[in-house]
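J.: Got chain A; can you put chain B on it based on the hints?
Same order as they appear, the protein sequences are chains A and B.
Just so we're aligned: 185 in our numbering is position 185 of the first sequence, and the numbers increase by one with no gaps anywhere.
Just so we're aligned: 145 in our numbering is position 145 of the second sequence, and the numbers increase by one with no gaps anywhere.
One thing to keep in mind: the hints can contain errors.
[To be verified] Here are the simulated SDA-like pairs of lysine to any residue, each with C-alpha atoms no more than 25 Å apart in a straight line:
id : chain 1 : residue 1 : chain 2 : residue 2
1  : A       : Lys-140   : A       : Gly-130
2  : A       : Lys-251   : B       : Glu-265
3  : A       : Lys-251   : B       : Gln-252
4  : A       : Lys-251   : B       : Leu-247
5  : B       : Lys-251   : A       : Gln-66
6  : B       : Lys-259   : A       : Leu-234
7  : B       : Lys-251   : A       : Ser-202
8  : A       : Lys-259   : B       : Leu-247
9  : B       : Lys-140   : B       : Gly-130
10 : A       : Lys-259   : B       : Leu-255
11 : A       : Lys-140   : A       : Phe-128
12 : B       : Lys-259   : A       : Ala-210
13 : B       : Lys-251   : A       : Ala-210
14 : B       : Lys-259   : A       : Arg-207
15 : A       : Lys-251   : B       : Asp-206
16 : B       : Lys-251   : A       : Gln-254
17 : A       : Lys-259   : B       : Lys-140
18 : B       : Lys-251   : A       : Gln-215
19 : B       : Lys-259   : A       : Arg-222
20 : B       : Lys-259   : A       : Ser-248
21 : B       : Lys-140   : A       : Ala-210
22 : A       : Lys-251   : B       : Ser-248
23 : A       : Lys-259   : B       : Gly-130
24 : A       : Lys-251   : B       : Gln-215
25 : A       : Lys-87    : A       : Asn-33
26 : A       : Lys-251   : B       : Glu-267
27 : A       : Lys-44    : A       : Ser-57
[Stated by the list, open to error] Some residues of chain A that are not near chain B, with every Cβ distance over 10 Å (derived):
id : residue
28 : Gln-26
29 : Arg-32
30 : Gln-63
31 : His-155
32 : Val-209
Source of the hints: derived by calculation from the structure; they are not laboratory data.
Think of the CB as a built atom: it goes at the ideal place given N, C-alpha and C, for glycine as much as any other residue.
Protein chains: 2
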Amino acid sequence: MRIGIIGLGLIGGSLGRDLCLNPENQVWGISRNPATCDQAIAIKAVHYAAPDISQISKLELAQLDQTDLIFVCTPIAAILPTIAEIKPYLAPHTVITDVGSVKVAIVGEAEQLWDRFIGSHPMAGTAFNGIQAAELELFKGRPCVVTPTDHSNRHALDLVQAVWQSLGAILYQASPPAHDRAVALISHLPVFVSASLIQVCSQEPDRAVAELAKQLASSGFRDTSRVGGGNPQLGRYMAEYNRTALLSGLKQYQLCLEKAIAQIEAEDWQSIESSLTQRQTERPDFLN
Amino acid sequence: MRIGIIGLGLIGGSLGRDLCLNPENQVWGISRNPATCDQAIAIKAVHYAAPDISQISKLELAQLDQTDLIFVCTPIAAILPTIAEIKPYLAPHTVITDVGSVKVAIVGEAEQLWDRFIGSHPMAGTAFNGIQAAELELFKGRPCVVTPTDHSNRHALDLVQAVWQSLGAILYQASPPAHDRAVALISHLPVFVSASLIQVCSQEPDRAVAELAKQLASSGFRDTSRVGGGNPQLGRYMAEYNRTALLSGLKQYQLCLEKAIAQIEAEDWQSIESSLTQRQTERPDFLN
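The shape of chain A in the complex, shown without the other chains (with noise of 0.2 Å):
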């Protein structure tokens, strides 16, 4: 098969890593930084590279209008654009797909840009990024998310799954908004509560207490603020691309936790365990 990969970084290299160990594969692919394209053909994330889609199209060997699949792996803001540059370049065959942890606010309009498009969400983060950080097998026995539409091309899904299942990945299909919601409680939500937690301990008025906090704080802590102290951008981004669901998200959360703060000023401590005790039951659902 002959495959694109644009956007070169954790994702986009590990992608390209596993799909080069297949003989049958000829991957090519676009990151702006010509130093990036150095390490992904040096790391044999991609057989070719160049920094945009027009200097791909006159490497001949790339042969982009015979391309089959297209990952489009940047952050989620250039996704759209990015489809939108390097349509004027491709045979219509060919089907795109994303890598996005947000899937309304790109397949509506990635569809209306490229009929072949499909929406993947492939949940393999690490905690580092970039090309030097990318790994075979990275999407393994991890989740990934196709969301289909009502207006998708039954080749392109097909097509999309198979890569994905190729590489190991646990398949799940969902409609964008189905999708957008379930990352919202259990991926954007959390970021909001954790940095909420870290933000309510650093703005303690009393020195002596707030000094103390510092010292004392462990693993629950630690815990509970890890995701509200990652990758700023990635929580904007989060916020701003799916901002309904999250908000959503946020105003139920402020439900639960008012029920709880109510418990707690009648001193409904019966009530407060067997809360907690239903949490205790509900957890183990969401551990994989």
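T.: Chain B only, in chain A's frame:
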């Protein structure tokens, strides 16, 4: 030194194992469960044990009236009743300390009951409970707060501090209210913040979204929800015995969350990114 330990669970048992390593110490223990007494002797957590103080008082070798220091390692609710119960059997020079995770609800009344009382809070839990989980060096390198007051006996404070120090704990001093506010922020608040996250995810009404959320949840949800899915009785005690400080923390937390929601509603992406950048900067102050 002659030492008593009342309550032979993880903390009491671990204390005893460390203390029994010093051949100059004689350690007696109390557990309501006779099997726990036998087990504590078998693993050398105590030299003598019995199910209650009246039986300890009859063990000539335990020399109750010559005991220098007693650790009350019962659940929080039993600390004050335990001190009232043992009081008639003790010589006036005996120092009592506890290991409870809240201090305002304990220290004032404990001092009234026994003037050589000093509150302690070793921050050294593990995921396990009971005498069978008792470890050597559980307190080594871990924080331990002692909470003297204006009424504290100087000798008693010195003795308690010296013993924790001999076990390798990193000592801090704080007033009971400052202690309770600090642990409310970094230990008790996370439980309710985290439990509400589990609740909102579990209560998702759309079945397809709820199912997908369970399948996609990964390390972000796992870490942020961990303490909310922990021991429900412990969570209840945090609320019950540290109600004022916890409620104050929860209300400050609500304000922080409301601010984040307002930024998302206003689509103020730049402010969201700078807030999250600030959280990223603040968090390492709490990681030791």
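J.: Now, for every hint given, state plainly whether the structure supports it.
T.: Now the hints, each set against the structure:
1. Lys-140/A with Gly-130/A: Holds, because 19 Å separates the two Cα atoms, which is no more than 25 Å.
2. Lys-251/A with Glu-265/B: holds (11 Å)
3. Lys-251/A with Gln-252/B: holds (17 Å)
4. Lys-251/A with Leu-247/B: holds (20 Å)
5. Lys-251/B with Gln-66/A: Cα-Cα ~60 Å, so violated.
6. Lys-259/B with Leu-234/A: Since the Cα atoms of Lys-259/B and Leu-234/A sit roughly 19 Å apart, the hinted pair holds (cutoff 25 Å).
7. Lys-251/B with Ser-202/A: Measuring from Cα to Cα gives roughly 15 Å; hence the hint holds.
8. Lys-259/A with Leu-247/B: holds (12 Å)
9. Lys-140/B with Gly-130/B: holds (19 Å)
10. Lys-259/A with Leu-255/B: Given pair Lys-259/A, Leu-255/B holds - Cα atoms ~16 Å apart, limit 25 Å.
11. Lys-140/A with Phe-128/A: Distance of about 18 Å is within 25 Å: holds.
12. Lys-259/B with Ala-210/A: holds (21 Å)
13. Lys-251/B with Ala-210/A: Status holds; Cα separation ~17 Å.
14. Lys-259/B with Arg-207/A: Holds, at roughly 23 Å.
15. Lys-251/A with Asp-206/B: Cα-Cα ~16 Å, so holds.
16. Lys-251/B with Gln-254/A: holds (11 Å)
17. Lys-259/A with Lys-140/B: violated (39 Å)
18. Lys-251/B with Gln-215/A: holds (23 Å)
19. Lys-259/B with Arg-222/A: Judged against 25 Å, a Cα distance of about 23 Å means the pair holds.
20. Lys-259/B with Ser-248/A: Within the cut-off at roughly 15 Å; holds.
21. Lys-140/B with Ala-210/A: holds (24 Å)
22. Lys-251/A with Ser-248/B: holds (21 Å)
23. Lys-259/A with Gly-130/B: At roughly 33 Å apart (the allowed maximum being 25 Å), Gly-130/B and Lys-259/A break the hint.
24. Lys-251/A with Gln-215/B: holds (23 Å)
25. Lys-87/A with Asn-33/A: holds (21 Å)
26. Lys-251/A with Glu-267/B: Distance of about 16 Å is within 25 Å: holds.
27. Lys-44/A with Ser-57/A: Roughly 20 Å between the alpha carbons, so the hint for Lys-44/A and Ser-57/A holds.
28. Gln-26: holds (32 Å)
29. Arg-32: Since the minimum Cβ distance to chain B is about 21 Å, Arg-32/A lies beyond 10 Å and the statement holds.
30. Gln-63: Holds, because the least Cβ-Cβ distance between Gln-63/A and chain B comes to about 36 Å, which exceeds 10 Å.
31. His-155: holds (25 Å)
32. Val-209: violated (5 Å)
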